[in-house]
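J.: The primary structure of each chain is shown beneath.
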Amino acid sequence: MSVLEIIIALPLLAALAIWLGAPARAASLGATFLNLILVLVATVQYSGKAANGLAFTYSRPILDNPSLSFAVGADGISLILALLTTLVMLSAVWQIEDRPNIFYISSLLIGGGALGAFLTTDVFFIYAFHELALIPTFLMIALHGRADAAQRKAVAWKATIYLGAGSLVLLVGLVWAVLEFSGGSKLTFDLEALRNQATLTPLPAAKQAQIFFVLLLGFGSLVSLFPFHSWAAPAYATAPTPVAMLHSGVLKKFGLYGLIRIAMPLLPQAVHVEWVQNALLLMLLGNILVMGLVTIHANRLDDTLANSSVMHMGYIFLGIAAGTEIALKGAVILMFAHGVSIALLFGLCGRMRNQLGTLEYNKLGGLAAHAPAFTVLFAFGAFASIGLPGLTNFAGEVMIFAGSFTSFKAGVLSNLHWTVFLALWGVVMSAVYMLRAYRSIFHGSATTGLFMIDPAVSQRVPFILLAATLLVTGCCPWLLLNLMKSAL
Amino acid sequence: MHASIILLLPFFSALLILLGHRQLKGAAVLISVGSSIISFVACLFFLAADDDNKLLLPFIEVGQLQAGIDVLIDKQSRGMMFIVSFIGMLVHIFSLGYMKDDDAKPRFFGALSLFMFSMTGIVLAGNLIMMFIFWELVGLSSYLLIGHWYQKASAAEACKKAFLTNRIGDFGFMIGILLLFGANGGNVNLDDLATAFSSGPLRPDAPGYSAGFTTAAALCIFLGAVGKSAQFPLHVWLPDAMEGPTPVSALIHAATMVAAGVYMLVRVSFLITASPLAAEIIAGIGCVTALLAALMATQQNDIKRVLAYSTLSQLGYMVMAVGAVAMAAQHGHVPHAAEPGHPAMFHLYTHAFFKAMLFLGSGAVIYACHHEQDIWKMGGLRKHMPVTFWTFAIGTVALMGLPPLSGFWSKEAVLGAAYDSGSNILFHAGTLTAVLTSFYMTRLLIVAFLGKPRTDSAHHATEAPMVMILPLAILALFSIFSAFDILSTPLQAMKPPHVEGHQTVLFASLIALIVGAGGAIYLYRGKDKDPVSIKLFANKFYFDEIYAVIVRVCQDRLAWIVTGLERVFVDGLVARLPAAIVARLGAATRMLQGGHLQGYTFLLGGGVIAVVYLVVFVLPRLGH
Chain A
1 MSVLEIIIAL
11 PLLAALAIWL
21 GAPARAASLG
31 ATFLNLILVL
41 VATVQYSGKA
51 ANGLAFTYSR
61 PILDNPSLSF
71 AVGADGISLI
81 LALLTTLVML
91 SAVWQIEDRP
101 NIFYISSLLI
111 GGGALGAFLT
121 TDVFFIYAFH
131 ELALIPTFLM
141 IALHGRADAA
151 QRKAVAWKAT
161 IYLGAGSLVL
171 LVGLVWAVLE
181 FSGGSKLTFD
191 LEALRNQATL
201 TPLPAAKQAQ
211 IFFVLLLGFG
221 SLVSLFPFHS
231 WAAPAYATAP
241 TPVAMLHSGV
251 LKKFGLYGLI
261 RIAMPLLPQA
271 VHVEWVQNAL
281 LLMLLGNILV
291 MGLVTIHANR
301 LDDTLANSSV
311 MHMGYIFLGI
321 AAGTEIALKG
331 AVILMFAHGV
341 SIALLFGLCG
351 RMRNQLGTLE
361 YNKLGGLAAH
371 APAFTVLFAF
381 GAFASIGLPG
391 LTNFAGEVMI
401 FAGSFTSFKA
411 GVLSNLHWTV
421 FLALWGVVMS
431 AVYMLRAYRS
441 IFHGSATTGL
451 FMIDPAVSQR
461 VPFILLAATL
471 LVTGCCPWLL
481 LNLMKSAL
Chain B
489 MHASIILLLP
499 FFSALLILLG
509 HRQLKGAAVL
519 ISVGSSIISF
529 VACLFFLAAD
539 DDNKLLLPFI
549 EVGQLQAGID
559 VLIDKQSRGM
569 MFIVSFIGML
579 VHIFSLGYMK
589 DDDAKPRFFG
599 ALSLFMFSMT
609 GIVLAGNLIM
619 MFIFWELVGL
629 SSYLLIGHWY
639 QKASAAEACK
649 KAFLTNRIGD
659 FGFMIGILLL
669 FGANGGNVNL
679 DDLATAFSSG
689 PLRPDAPGYS
699 AGFTTAAALC
709 IFLGAVGKSA
719 QFPLHVWLPD
729 AMEGPTPVSA
739 LIHAATMVAA
749 GVYMLVRVSF
759 LITASPLAAE
769 IIAGIGCVTA
779 LLAALMATQQ
789 NDIKRVLAYS
799 TLSQLGYMVM
809 AVGAVAMAAQ
819 HGHVPHAAEP
829 GHPAMFHLYT
839 HAFFKAMLFL
849 GSGAVIYACH
859 HEQDIWKMGG
869 LRKHMPVTFW
879 TFAIGTVALM
889 GLPPLSGFWS
899 KEAVLGAAYD
909 SGSNILFHAG
919 TLTAVLTSFY
929 MTRLLIVAFL
939 GKPRTDSAHH
949 ATEAPMVMIL
959 PLAILALFSI
969 FSAFDILSTP
979 LQAMKPPHVE
989 GHQTVLFASL
999 IALIVGAGGA
1009 IYLYRGKDKD
1019 PVSIKLFANK
1029 FYFDEIYAVI
1039 VRVCQDRLAW
1049 IVTGLERVFV
1059 DGLVARLPAA
1069 IVARLGAATR
1079 MLQGGHLQGY
1089 TFLLGGGVIA
1099 VVYLVVFVLP
1109 RLGH
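The listed protein sequences derive, respectively, from chains A and B.
The numbering used here puts the first residue of the first sequence at 1, with every later residue one more than the last.
The numbering used here puts the first residue of the second sequence at 489, with every later residue one more than the last.
These aren't lab readings, by the way, just hints derived from the structure by calculation.
Think of the CB as a built atom: it goes at the ideal place given N, C-alpha and C, for glycine as much as any other residue.
All the given hints hold, so there is nothing to weed out.
Now the in silico label distances, taken between C-beta atoms and shown as ranges: (1) 486/A to 546/B: 14 to 22 Å; (2) 168/A to 546/B: 43 to 51 Å; (3) 522/B to 13/A: 49 to 57 Å; (4) 698/B to 279/A: 23 to 31 Å.
In the DSSO-like style, the derived pairs of lysine-lysine whose C-alpha atoms are separated by at most 27 Å in a straight line are: (5) 865/B to 1023/B; (6) 640/B to 363/A; (7) 940/B to 865/B; (8) 513/B to 593/B; (9) 588/B to 865/B; (10) 542/B to 485/A.
Under 10 Å between C-beta atoms, here's a sample of chain A residues computed to sit facing chain B: (11) 162; (12) 289; (13) 293; (14) 294; (15) 324; (16) 330; (17) 366; (18) 369; (19) 428; (20) 429; (21) 443.
Please work from the sequences and hints to get the whole structure.
T.: Written out as structure tokens, the structure is:
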């Protein structure tokens, strides 16, 4: 028995208990709080012992041939994402107010599924857990989305089709990889065994590139990689608050996690193959520049946040495209940072919608005077997301940029370097739309007389938790980096 | 040790106040002012610290990227630290009076502490990444302070404009840092970069040397300074930044933060000296800024705006000096650009005192006239506010460069550098700027303080309270004496060696002083309204209007078009087209459809599992 199994099981069991009649809020808060403690303890333990390779491993064989087992294990990357999941899950269930039990159950299922995907080491279960987490996401958008029934169903459909198609492409890629790397006659889904095989007998670079590209399209659609992104913005804008927090904050990171944990170790040369890198750079520029402009055009807060979340994925993909140690570790930091900051923003945005009834910029204004604490919390999320130093996102971004320049020779600029320059312009665009939003919501005075008051102290806790995380890991990113001394 | 006190004390002060100011109430002010005083005392010890370069706190350490909170102690950081902590302390004290009745006083002082922390970080930064971190943080504190009265639409717009304009500069700064990071094997320590350019892999005769690279890196880094020090063409944010409370204008938008760009350029002068083209462009931009801003200043009527354009112009002077010194060094005039004192740093140092004082003086005037800022609605303040008048007059003549006040020496040093650069244009434009400076400052003094009161508020003005007068008096002393050896020797980085044989320079600066002041006296003495009207200058050469069009066309219109294209093409090609095909096919399989999303989702889940089963368990058997 491994502690990771408890961590995965807790939210799922809590969801079951609520379904059977346990008090929803108490059960979910208890389970998610306990879960956060467990992950923190595991994290501290892991960083204590040289932070090397997989830890907390345990395997329960299910099938012999093909070899399939319920195996858990975590390295620094998985632990950072588990920490992200438990933080966001606790905040997401905490901020639920006066909602039916299904809100708690779905949050726990999404979080539990994400934990399963991040903490198991068998490709079959990694995939299956992610699918498990997607189903409540779709259902919640369709049943409790913030739009009339027809529209929210359409949005849910769109997400279902995109993500379903993406999952199928991904499946093809995974199966292809499993077939290529299963040594001898015995088929295996064990990630470690596959990785060992990939180191012993690497595939030719051209073949690596082909498999990688299929995986990139599959994983990429799940992360709203341009041009497979158009499901994301309406889904987040429509999704109930805890679902938006958990999907954009946590579950969306699954595709990136898969690329970094599965695709890149198995196919280490693929991303340096010219056509793959160029294709990826083009797509991520789509995320950054096209979606950056789309976000500037948005005139509602939920629209801005949803599109910005798509845009910021481009930076994480940039870390993957660079493929150096610094850039990849930066990508992991940015995954964590983006998850915390966007969950914070979506959480606050949901609260604003409940209280004000609208999120249109031209109807809002001057909220800072009425709700100062709320404003400060929002500022943490907003400034984190535009990469202000001292908050976590900056550390991730600067590592991605620097990691793209480790191979730079004076006077010779590659496509990667030019992409970094354009991506830096994206940082300016982020500031444009975020400060416009901040200005029209919090500064000035309300033109329509709409105003809201600060949440009660107990209702601030989930947001304070996320904001404090941004500040602490932003000032001390080495806390997270210590977990990844060798994990890549 | 002292460095860590100076750096971290304001950080904790800011954190405490900004997060708990409603609980702290009045204590917040004490914490902030107390921390500024302790920092200043620590800074006096710091002046005696030995040269050093050490890691204070870790930040990111991965492979080549070793970016920590490094403290580089040398004569430049010691001198700059003195300016920052000294004027910082005086402005904290002045604000006790100026912000007495403000409801959001704790928030103001919290942001002020945040500024002190960030500015200290820039001054002490030993590597470029640390400098960038604090560079952005001063941007944040400036944003918070300009937007202090955020209910006012103009303040809300001004703080946004300041942050965004600076972001454009930071875009270049970051590219420059990345270029140097890559070229120097991941090392962006200032000391190590200097070595790399003088004797390391980036020296001119090294194999694979690229002059284009050096120029590009220098200009990208310079773009950071263009944003922060409000140089043409990114100068537009600084005048609007006057929407902030006046003590903020004095500290941040006159004495320290806007000078950070100049400080940074002096820090990387090895880079600028390495590229003749970059040096010329930098000198040229500085020169254009100095001249344009001085022309704009001659037609402003808001007391703070006159000072703001004057600040722009003087910052242009300093930037011009940076470029000119590098040009002179390339011609072999000076053995090493930054030794022993740099004219730009010297002017930064003297300017910090008299400009901070002028702003605080204008603050006292605005306070006394019940927030009246139009100089044509003042007049005759000399009698009602004698201390303010005399200190303001000292600041004015110091800025005009009257010998032997501090401004005279530093202006002569800058003009001397322009002269040595070998470029007549720089020297003549510099002299013309000096004429204009003298002109608009005399105009300001005459219109606001002399003659008869033109409104009731000017008539009933009374002298400001002690907490506001005292900082003014101290700064006035420094405006007079700061260039004298007794004060500048401990700050040895500041004063360049006295240049012999520059008769031309000396005459030029004296003639400029007399012509400018004489012209202003002739035109403005005893006048009740402006006898001169030049629309182009009063409207600031229409930069704001031009930029508004650019933003509207290049950004908002483009965003609109791209959004439309994204909806039509991406959504159309990726989603609608396959969807339409599927729909045609789907018509054949209608009986499978139940019309409930739940059903579909579970069907999807089931389908996925079935596919997994088929591919994983069935397919391999067939293959093997």
